[in-house]
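2 protein chains.
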Amino acid sequence: MTETVISSASKELVIGFDRPFVIIGERINPTGRKIMAEEMKNGDYSRVESDAIAQVKAGAHMLDVNAGIPLADEPKILAEVLQLVQSLTDVPLSIDSSIIEALEAGLAVYQGKALVNSVTGEEENLERVLPLIKKYGAAVVAISNDESGISEDIDVRFDVAKKIVERASDYGIPACDVVVDPLVMPIGAINKAGQQVLKLIHRLRSELKVNTTCGASNISFGLPNRHGFNGAFISMAIQAGMTSAITNPLHSEVVSASMGADVMLGKDPDCARWIKRFREPAAEGARVRGTGRRSRRRSPG
Amino acid sequence: MTETVISSASKELVIGFDRPFVIIGERINPTGRKIMAEEMKNGDYSRVESDAIAQVKAGAHMLDVNAGIPLADEPKILAEVLQLVQSLTDVPLSIDSSIIEALEAGLAVYQGKALVNSVTGEEENLERVLPLIKKYGAAVVAISNDESGISEDIDVRFDVAKKIVERASDYGIPACDVVVDPLVMPIGAINKAGQQVLKLIHRLRSELKVNTTCGASNISFGLPNRHGFNGAFISMAIQAGMTSAITNPLHSEVVSASMGADVMLGKDPDCARWIKRFREPAAEGARVRGTGRRSRRRSPG
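Residue numbers (our numbering), protein chains in the order written: chain A, 1 to 301; chain B, 1 to 301.
These are computed hints drawn from the structure, not numbers from a lab.
Just so you know, not all the hints are guaranteed correct.
Put simply, identical chains are the same to the list, so a pair is met inside one copy or across any two.
[Unchecked claim] Calculated cross-link-like contacts (lysine to any residue; reagent style SDA-like; alpha-carbon spacing at most 25 angstroms):
| id | residue 1 | residue 2 |
| --- | --- | --- |
| 1 | K199 | F17 |
| 2 | K199 | K209 |
| 3 | K135 | V5 |
| 4 | K134 | R33 |
| 5 | K192 | P269 |
| 6 | K11 | N125 |
| 7 | K209 | L265 |
| 8 | K199 | G266 |
| 9 | K11 | D73 |
| 10 | K192 | K267 |
| 11 | K57 | G112 |
| 12 | K11 | I69 |
| 13 | K134 | S10 |
| 14 | K199 | M1 |
| 15 | K192 | D18 |
| 16 | K192 | R273 |
| 17 | K209 | R19 |
| 18 | K34 | E123 |
| 19 | K192 | G16 |
| 20 | K192 | P20 |
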């Protein structure tokens, strides 16, 4: 039963096969957000603050922190933002950058055991990222592409993931600290992307026995009603074996889809988390007081 | 590849393993709807009319029609309502009653090949319903309970379903015309209900090779945010192999969950049905005109 332990200074979180699904909030990321990028570049992290608080309030169990801004001092900004977010919330963080120096600057200031996002199957990347993971005792997201790019053949993507897990092991990093991202492609462009990724998630879990994560929102790129589609995808990915996702907890469809899947798969005994999250205070009161509001809730819901 | 063909006077619908999921609208049912029951008893079918039209507009591919009102002439009312609904819409109907005389009265007036809801594994019920199904060339929903009630053991429920399929065959009804209802129990009361029903759906499809349906809303009975939960359930049930459900298409979560699952499983080539259903006219126009509204749609959806 694979368990990946991530932590902040005061809180531990486990990503695991028999654990509730872990939502990693995706919002602290200036990619495609011009105003946020400009603000962060100028040292104004007010939007980071509000995004951090809102996501945790909405149900994020971890937050992904990315400071990828062209022509900015990414190592410095990432370290500052990580410290800021750690001062605001006790949820563990994912340190997200494609720049090694930024990952190292982030790891140096991070309190707890971080999830580093990410390492790929490219030789140079493996050789630079894995020693850092070992040095700081972190966990890492392994993205299943390599020098040849992203294969549409899921067997190739599985093999890349397997290679990363093996290479991590050579560096003394246990398989439970490698969380594989099978890569979610836009289904509007690649029609088979849904079936492929469900199969790959299942193989990663049953054969490679690793935890998994993904950029869930990618699946619906270019489609209308993206939130609705993301919900269907997340429930199905969890059923196939996915244990976490980097996604937007501010969309209620995402939270319902993942928490509902947890209930369905027996990961939320007595529906306790579901009831706590969605109980309507007014309806509760109505039940106690026995007023007419109760009649809103009919059986054939 | 099992296919169950249902029809109205002018339209054929196929429930099948490789077909888009079939939503059977549940609303034309006076159970628990006091006003509707009273109206129907008095020959006022205005609410039936509006429910029929609204459900088809919302995406129902079939409509379930139930006229179960205590102390009313159910055979007469059911026959009248079926004729009325067939005059309003061309979607095929499910004739829903536990009273044999009502089923026969319904079948006698129905135009096309109906889905009869339902037959159970009880001897007396089998002996009375199956000859009717054969006589009218209908298809039938088989509910997997028998004299001993509803078993919590899914192996027992599987065996009951198998018995019904075999008995139907003795009457000359092919297995493809038996749509099995595995029985969905409220997960708030029976925590294992989710895992059990997913396993049973999978067995019914892979071993008994039959189409399946269920009263999907039952799963969330007693829980808050029922529509959100029903969405997660429906996506996961489709992934397990379920091919239709009696549910409420007026809840957008149900439609997103089922149509999203179809896209995910390759049953909606080029996402054509999804895009047609959810395309926002305003956003479309914005794309053409290149106005600022386009910026509403960001990638990390």
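Legend entry - Which numbered hints fail: Violated hints: 4, 6, 9, 12 and 18; rest satisfied.
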